[in-house]
Amino acid sequence: MGLLTNEQSRNRVVSLLVQHNQKLSVLVYLAGISWFFALAYQPLNAATYFSENALLPGLVESHLPSVFLSVLQYKEQVEQEAKRDPKVTLQDWVYKKFDSLGIETFQQNFSVVYPFRSLSSKVCWMSAPLRPWHRIQRISVHIAGIKDASKPYWSKDIIFLFSDFDEIGAMAWLDAYHETASQYILTNGLEGRSGAIQAAINLELPLDNINYFNLKLEGLNGQLPNLDLVNLLVRLCQKEGARVAIHHSFDKRLSYGGDSFDNYKSSLKTMLKMMWYQASGAPSGNHGLFQKFHIESVTLQGVAKKKGSHDITTAARIMEGVLRSLNNLLERFHQSFFFYLLPSTNRYVSIGMYMPPFGLMALAGLIKISFVVFTLTCHGLALWKVSQMQTNAEKKEDTKKDGADESPDKDKEKDVEGMKYSLKDEAKTAVDESKDNFEDEMKTAEPLTNKGVLTILPVFLVSMLMGWMAHQGPELLTRIVPRFRIQTEDMIIYSLFAIFTAALAYPKLMTRKSGSPSTFVIDWQLLKSIALIGQTLALTTISLLNISQAFFLTAFMVPVTTLVRPSQQKIFRWIQMLALVFVSPLSLMFLVGLISAWPQPSTFDLLLQGYTNCKELIFLGVMDSYLFNAWTETIITAVIFPIWLLFWAIPWVDAVNSL
Amino acid sequence: MAKAAEYLIGFFSIILRIGLMQTNLPKWLQSRNEVVTPLTSWERVEEGLALQDQHISPYSGDLFHETPLALRGLKIANYCPWGVSGFFLLIDIITMVFLRKVAVTFREHLLDDQNVNKETYSPKAESLLLTPKQLSWLPSVILAVHALNPFSIMTTLALSTGAITNLAILLAFYYLIAGNRLLCTLFISLATYQAFYPVVFLVPAGLQFYKNKRPQSSTKSYVSREAVTSYFETCSLCFVFLGLLLGASFLAEGSWEFLQSTYGFILSVPDLTPNTGVFWYFFTEMFDHFRTFFVCVFQLNAVVYTVPLAVKFTEKPVFLMYILLVLTAIFKSYPSYADAALYFSLLPLWKHTFSYLRNTLVVAGMFITCMVLAPILYHLWIFAGSANANFYFAITLTYSTAQIFLVTDILFAYLRREYDLYHGTEHKNADGTKAQIVLE
Chain B
550 MGLLTNEQSR NRVVSLLVQH NQKLSVLVYL AGISWFFALA YQPLNAATYF SENALLPGLV
610 ESHLPSVFLS VLQYKEQVEQ EAKRDPKVTL QDWVYKKFDS LGIETFQQNF SVVYPFRSLS
670 SKVCWMSAPL RPWHRIQRIS VHIAGIKDAS KPYWSKDIIF LFSDFDEIGA MAWLDAYHET
730 ASQYILTNGL EGRSGAIQAA INLELPLDNI NYFNLKLEGL NGQLPNLDLV NLLVRLCQKE
790 GARVAIHHSF DKRLSYGGDS FDNYKSSLKT MLKMMWYQAS GAPSGNHGLF QKFHIESVTL
850 QGVAKKKGSH DITTAARIME GVLRSLNNLL ERFHQSFFFY LLPSTNRYVS IGMYMPPFGL
910 MALAGLIKIS FVVFTLTCHG LALWKVSQMQ TNAEKKEDTK KDGADESPDK DKEKDVEGMK
970 YSLKDEAKTA VDESKDNFED EMKTAEPLTN KGVLTILPVF LVSMLMGWMA HQGPELLTRI
1030 VPRFRIQTED MIIYSLFAIF TAALAYPKLM TRKSGSPSTF VIDWQLLKSI ALIGQTLALT
1090 TISLLNISQA FFLTAFMVPV TTLVRPSQQK IFRWIQMLAL VFVSPLSLMF LVGLISAWPQ
1150 PSTFDLLLQG YTNCKELIFL GVMDSYLFNA WTETIITAVI FPIWLLFWAI PWVDAVNSL
Chain Y
1373 MAKAAEYLIG FFSIILRIGL MQTNLPKWLQ SRNEVVTPLT SWERVEEGLA LQDQHISPYS
1433 GDLFHETPLA LRGLKIANYC PWGVSGFFLL IDIITMVFLR KVAVTFREHL LDDQNVNKET
1493 YSPKAESLLL TPKQLSWLPS VILAVHALNP FSIMTTLALS TGAITNLAIL LAFYYLIAGN
1553 RLLCTLFISL ATYQAFYPVV FLVPAGLQFY KNKRPQSSTK SYVSREAVTS YFETCSLCFV
1613 FLGLLLGASF LAEGSWEFLQ STYGFILSVP DLTPNTGVFW YFFTEMFDHF RTFFVCVFQL
1673 NAVVYTVPLA VKFTEKPVFL MYILLVLTAI FKSYPSYADA ALYFSLLPLW KHTFSYLRNT
1733 LVVAGMFITC MVLAPILYHL WIFAGSANAN FYFAITLTYS TAQIFLVTDI LFAYLRREYD
1793 LYHGTEHKNA DGTKAQIVLE
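Residue numbers (the numbering used here), protein chains in the order written: chain B, 550 to 1208; chain Y, 1373 to 1812.
Next comes chain B alone, as it looks inside the complex (with noise of 0.2 Å):
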């Protein structure tokens, strides 16, 4: 409570910030920036270990035979099948299969109804056959042949899921099995059902043999599994013999050290990929639904190489293996970590490591609101100060009409309050003058006509209003689409297009209306504060929601909001209108297709290529928004460009009629 009653040494700790805010604001985010890429190279982060002792994985002894004569036959059958038949889709096939297996196999259809009516007026009915994935099917079967062997130790369920449409049939079957309904996906109900599930295990698995294993974790809007799962499925890989890999990144081998400058360098490159994945908030494979129910879910992928060293057999012992210790689990998953990053397979930076570098990032904003606000007020938020000083100038009218019959000497009265004051000497630093001039200017400086609440207010609204415009628009627009002829696609990215347009225009547009010869004036120290207070709020909210979003969208945006500001020469002006225009939203996302697209043969393709992605990649998260209720596309349009807006109108703010 010292600093909250004892002003002095409140004032030193404000008239720090207040001196240093600008290099303060630089050091903090560069610190916290370093840090966070420090935070992969070996001595800074942790070994994975297992924090769930039920899981047992060391315990497996693999039941399964060590010759699949069956399993080979599959494929021929599928394919002779086919030929004999062309009306019999996979679907009925794999249905007869599990069925003659003595397992109770049930099918599901659904529709999906697009939130844009251009795509298809009416519901459209997907039935078409299943992809072959062959290897699934034959390891699934084999794994219901061990249960079938009555085998006395399994204790729960296994429900094998082929679906159709990669996440939206997983979807399709999640809602069905939760009994939720979905607006866009309609389902018919199930007929089997089991208890609340556990874990999920997606497979994608070549025809070819194995060369190693991919993991896939991040799930949608950036949720990821429990560490315990992904620690079993390395483990498991491991004891096979086989290579495994975070998004095709391997560990380096250990040979020179866990803290050699290449082991850091390809731990950065994992984590960075991994966070890649993760900020998209969109889910990496087909798992990715699950965690949405609570369902802890990995994707395992196979990548094929011709003279591959693993075979089916590999990728069955490890199924056996996780199924076996998942058996094994007594309660839900809930020790270890679901917030983390991975820099390899084996090692791992937990939230209580990154937040503190996270945390630095962000405070370089709020350093910043420190100096804006408390060089206007003393104490408080600014907001205050208006009614503040206007209130001063009536007193001033006031008392000198009747304020001359005052009795004198009673000023020696002490301690009225039966509280214990005391008076002492202020200490007096260089800032306090400081202050106390700047106050000084702005009492000259009146009439308050650019200060206070009243002139962002405008601002405001239309940021607020342009946000909801772009949040709502895509749908809004698409309503009329089909009497202009254009693709759904284009027409999402044009309206956005034109929004933001609109958007740049804002603060030209509003010059004009505000009177005094084109000269746009706002109270823009008042307005930086509260788009600060505004950014740090929303990054740090996302950053509990998915880390990696928030760390890139703090990475860029920070420093170009924090130091932005009002300048009288031109090309600074122009200069911070670029940094901003670079940081908005649209140029991040074409960012991202343009790094997507990388490498490209010319400069041209890639800037093609880039369009391209950035177009699909805005498409798809709006459809990801409507279809699995993603959230990225939400806090895009609808929290970081109203921020961002904020922003923009501050360059252009008349820097010398308004202080």
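If you are wondering where the hints come from, they were derived from the structure by calculation, not from laboratory data.
Keep in mind it's a predicted model, so treat the numbers as computed, not measured.
Do not rely on the hints blindly, as some may be mistaken.
Claimed, not checked - Below are the SDA-like pairs computed for lysine to any residue, each with C-alpha atoms no more than 25 Å apart in a straight line:
(1) B:K572 with B:Q1118
(2) Y:K1505 with B:L1003
(3) Y:K1800 with B:S564
(4) Y:K1585 with Y:V1690
(5) Y:K1399 with B:W1180
(6) Y:K1723 with B:T1004
Chain B is fixed; fit chain Y onto it per the hints.
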């Protein structure tokens, strides 16, 4: 001008609430445990009404915690235009009417108070004196704050019966300033009947009505025989009303069963559903063996500040009542945003002390952060399963801390202004340098 502004703001506030009622916000808010508690949830009222229709005592289960008279009174909500939302909108409108009345009466109260004490003030404190012109906008400011107060908007939208308790407290506050002992005690007893904690408002009420009765010139102490008689009168009036209410409840219900479900529920805190308060986390961790002891400690904590504050603010019962309002809102067993709604709407009453506030930025930041993060951390804990109870607890703790910062800041600002009134605004040391005032 000011009058027109008041009507305009009132109109705007109603439109805003009606507009928000059309979205799917109310449905979401009704499930938010920061907004509704087991005591104030409308769902439970409906349950109670249904049970009553079936001639089953709603108090035989452990779901329903409204008082018997409230249960009967709330039946009319279904017959309001626009149904239950219309009823709560009506409550909100009445609240606004009385907020305005409070502001108008309080304005006069402030000026009267100032005129009485003017002689004792320092001549150097002239700039601090309030003028009628300065205060003329007070009703508009109060109404504007209420119109945009997110807490009160959420309370109305979520159909929290806390709004009714708030109205009773507001009425008690109004009649305290207006000096109507009978109605003030009536509404204190009503609020106590509904929520128990408002019983502490008897202290400021007792002080205020003794102060009113006492002739201006006399300087009799607050512990004289006369004073005690006055306190006794106020208290007994209140308890008579309370007795009548409880008696009527007994007659209506036919048994005393309801006491266990209402006051027993408030005092022994059996429901540990997460809320914005300090109880739930502590008692989920608590061994049963120590439970009774710590329940006593926590409940005592909610009311114990009444004593030192009453000693300190004997001369300022209105301010005392406001501070007690905030403190009970923080420390009660089932607090929600509804409790914050009332004291935030009344906050502009102390606008003249705001220039002495020192932590506005910190406190405002904390409140905003809590409001944004609470539902998100709840989602991460309950739905996504990736966070745990500690995340949500951290944010409710921050919320309580923010409220405590706010109340200490208001207290400090008020005292600081009082000090300046008696000692002038310029503080100089003996050697003529600028001095700083430190609270020790």
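Outcome of the hint check:
Distance restraint check for K572 of chain B and Q1118 of chain B: the Cα-Cα separation of roughly 22 Å lies within the 25 Å cut-off, and the hinted pair is therefore satisfied. Simply put, K1505 of chain Y and L1003 of chain B have alpha-carbon atoms about 22 Å apart, close enough for the 25 Å limit, and the pair holds. Between the alpha carbons of K1800 of chain Y and S564 of chain B the distance comes to roughly 22 Å, so the proposed pair stays at or under 25 Å and holds. A C-alpha spacing of about 16 Å is found between K1585 of chain Y and V1690 of chain Y, which places the hinted pair at or below 25 Å, so the restraint holds.
For the hint linking K1399 of chain Y to W1180 of chain B, the alpha-carbon distance of about 20 Å falls within 25 Å, and the restraint holds. Simply put, K1723 of chain Y and T1004 of chain B have alpha-carbon atoms about 22 Å apart, close enough for the 25 Å limit, and the pair holds.
The structure fails none of the hints (numbered hints given earlier).
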